[in-house]
Amino acid sequence: MSAAAAPRAASCTLERRGERVVLVLAGDWLLARGGPSAAGELHDVTASGARELGFDCTALGDWDSLLVTLLHRLDAACEQAGVTLLGDGLPEGAQRLLALAGAVPRRGEAPPAHPVWWRRLLGGQILAGAWRGLLDALGFIGEIVLACGRLLRGRANTRAVDFFWFLQQTGPAAIGIVTLISVLVGMILAYLGSVQLRQFGAQVYVADLVGIGMVREMGALMTGVIMAGRTGAAFAAQLGTMQTREEIDAVRTLGIDPTEFLVLPRLLALVLVMPLLTLYSGVLGMCGGALVALGMDVSWTQYLNETRNAVTLAHIMTGEAKAVAFGVVIAVAGCHAGMRCGRSSEAVGKATTRAVVSAIVWLIVADAAFNILYQRLGI
Amino acid sequence: MRTGDPHIEVRGLTMRYGARVIQRDLEFTVNRGDVFVIMGGSGCGKSTLLKHMIGLLEPATGEVLYDGVSFQRAGAAGRDALRRRWGITYQSGGLFSAMTLAENVALPLQQYTPLDAAAIADVVAYKLALVGLAGFEDYYPSEISGGMQKRAGLARAIALDPEILFFDEPSAGLDPLSSRLLDELILHMRDALGVTVVIVTHELASIFAIGNNSVYLDAESRTMLDHGDPKELRERSRHETVRRFLARAGTEGT
Chain A
1 MSAAAAPRAA SCTLERRGER VVLVLAGDWL LARGGPSAAG ELHDVTASGA
51 RELGFDCTAL GDWDSLLVTL LHRLDAACEQ AGVTLLGDGL PEGAQRLLAL
101 AGAVPRRGEA PPAHPVWWRR LLGGQILAGA WRGLLDALGF IGEIVLACGR
151 LLRGRANTRA VDFFWFLQQT GPAAIGIVTL ISVLVGMILA YLGSVQLRQF
201 GAQVYVADLV GIGMVREMGA LMTGVIMAGR TGAAFAAQLG TMQTREEIDA
251 VRTLGIDPTE FLVLPRLLAL VLVMPLLTLY SGVLGMCGGA LVALGMDVSW
301 TQYLNETRNA VTLAHIMTGE AKAVAFGVVI AVAGCHAGMR CGRSSEAVGK
351 ATTRAVVSAI VWLIVADAAF NILYQRLGI
Chain B
1 MRTGDPHIEV RGLTMRYGAR VIQRDLEFTV NRGDVFVIMG GSGCGKSTLL
51 KHMIGLLEPA TGEVLYDGVS FQRAGAAGRD ALRRRWGITY QSGGLFSAMT
101 LAENVALPLQ QYTPLDAAAI ADVVAYKLAL VGLAGFEDYY PSEISGGMQK
151 RAGLARAIAL DPEILFFDEP SAGLDPLSSR LLDELILHMR DALGVTVVIV
201 THELASIFAI GNNSVYLDAE SRTMLDHGDP KELRERSRHE TVRRFLARAG
251 TEGT
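Keeping their order, the protein sequence lines are chains A and B.
Each residue of the first sequence is one higher than the last, beginning at 1 in our numbering.
Each residue of the second sequence is one higher than the last, beginning at 1 in our numbering.
Here chain A stands alone, though its shape is the one from the complex:
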């Protein structure tokens, strides 16, 4: 690799010299500058019928991997065509690199197939995968139920310290965002109702709308969405990273059931916290509604009285029942995605996405199911 004064363009030409063909290499062959593709020369070497290929490097300037890449291709082509490659005309370093590159033979085995998504869709693999995922999720829920049974009999490896840690992580640490969202949703409901109610001069019923709306529906649903994004995703990422770092394998080989040890504390903490946060969210939502109502000539006392009449214990319990179910859905979605995570950084990303998406989908499905049930039961 001598130092050249001015850069010269790389070139290669094929010459026939008696019995052998000679590739004349000239100029600077550098990755940073690029060179000729040499596809034609490559073809000519194999088509020429010559039995030997030599090299003339008298005009060769600087070179690096770009040159050896060409030689590597030539080497493979020559071997296929039965041409002997005579490397003695090449710089010594290039000869050595070429030998090193050819030291380990190419593997014959085909790489594993990575079909694109639409091929897998046509092949039914995506559908089959979804079906297997559903069965697996059912199995996972079954494991949780069994682990809960063992916990009740006091024979589970669930540590109280983990439970309290997740209680702190899912509850108090989420108060800020739940406050903000709840007040805003309460205000949104109030504005939505006031547009219609004002036409009848019935602004005071905004209190009914906001109160019942928050307690029965929006409190649980919005808290659920927040927790799916905040806590469900965190569960999936924690467990997924533990999977990549073989921590879950370690738990298993220590003879501890990972469902008891890792999933139960998360699930129980979330199931306990969700109804409390939902209650809190309902109250904050009513405060938000009151702010809007005060601006529409409804007095504070009127709003409070109306709310007290409208929001019954039955309304509150329907919302709380939803909250418990949502807590289960979010924790199961997050933990399932995390426990079934692959072992690469990309897989952790996928697990987190799957946790949030499936949690939100099943939240809405469960919410619809609850509403149909309440309708039928007349609650």
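Careful, some of the hints might be misleading.
Stated by the list, open to error - Stretch-level coverage of chain B by chain A, calculated; a stretch enters the list once three of its residues show a Cβ under 8 Å from a Cβ in chain A:
#: 1; segment: 4-16
#: 2; segment: 124-138
#: 3; segment: 141-150
Rather than coming from a laboratory, the hints here were simulated on the basis of the structure.
Just so you know, even glycine gets a beta-carbon here, dropped at the ideal spot from N, CA and C.
Here the structure of chain A is known, so what remains is to put chain B in place on it, guided by the hints.
Same frame as chain A, now just chain B:
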């Protein structure tokens, strides 16, 4: 710029995490064409020193000079130019798991060369062949073994023909045979490409097999005890700690 000239100079380097001093007053020179070993017991700051040399961490005091140019005093453009001359292999390969091996090796080529896709594919095939992974272009890192991941990491590190190759624990987690093959590969690369190699390791077999210059970091006194050719240090180091560390190789029958 001949073999034997000073290539990397570490001058008065003190490394610190917050108030905790890891190593102080490090002073040594790596010559062009050396296989330089950073050695020492666990937790003495070997990997931290490597991270300081490649600019991932800022020194508390002191500097690292490359061909007389201080990395710490170079601006953003100067640092980029220096970085482009390095190839770095990380402890667990550091391959991007969402990309195939070919895409991993192609990334620096796409970034820094004017080559088109076909030319890059050719270079990638050559680089993978060089580390003994010909035909593994379309595998994802998770589909090959740990030793192969390390070699693939090496293929990516040498994609741009670096002048200096850094290795962080190349043989950690490898069986003795794979570890020896990797050592041989490193030597071949050094001979064929004329690169300077800097290796963090505590594998005595590797230290004697490939190292011709080294520095010993001591966890107790938080500074370097000695530097030089490890084979000479084993016999003639002024410090008993260093001699003992290196002599264990004899008892293990390397």
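Checked hints:
1. 4-16: Check failed, 0 qualifying residues.
2. 124-138: Contact hint for the segment 124-138 of chain B vs chain A: holds, 12 residues under 8 Å.
3. 141-150: Per the Cβ count (3), the hint holds.
In terms of the numbered hints stated before, the structure departs from hint 1 and from no other.
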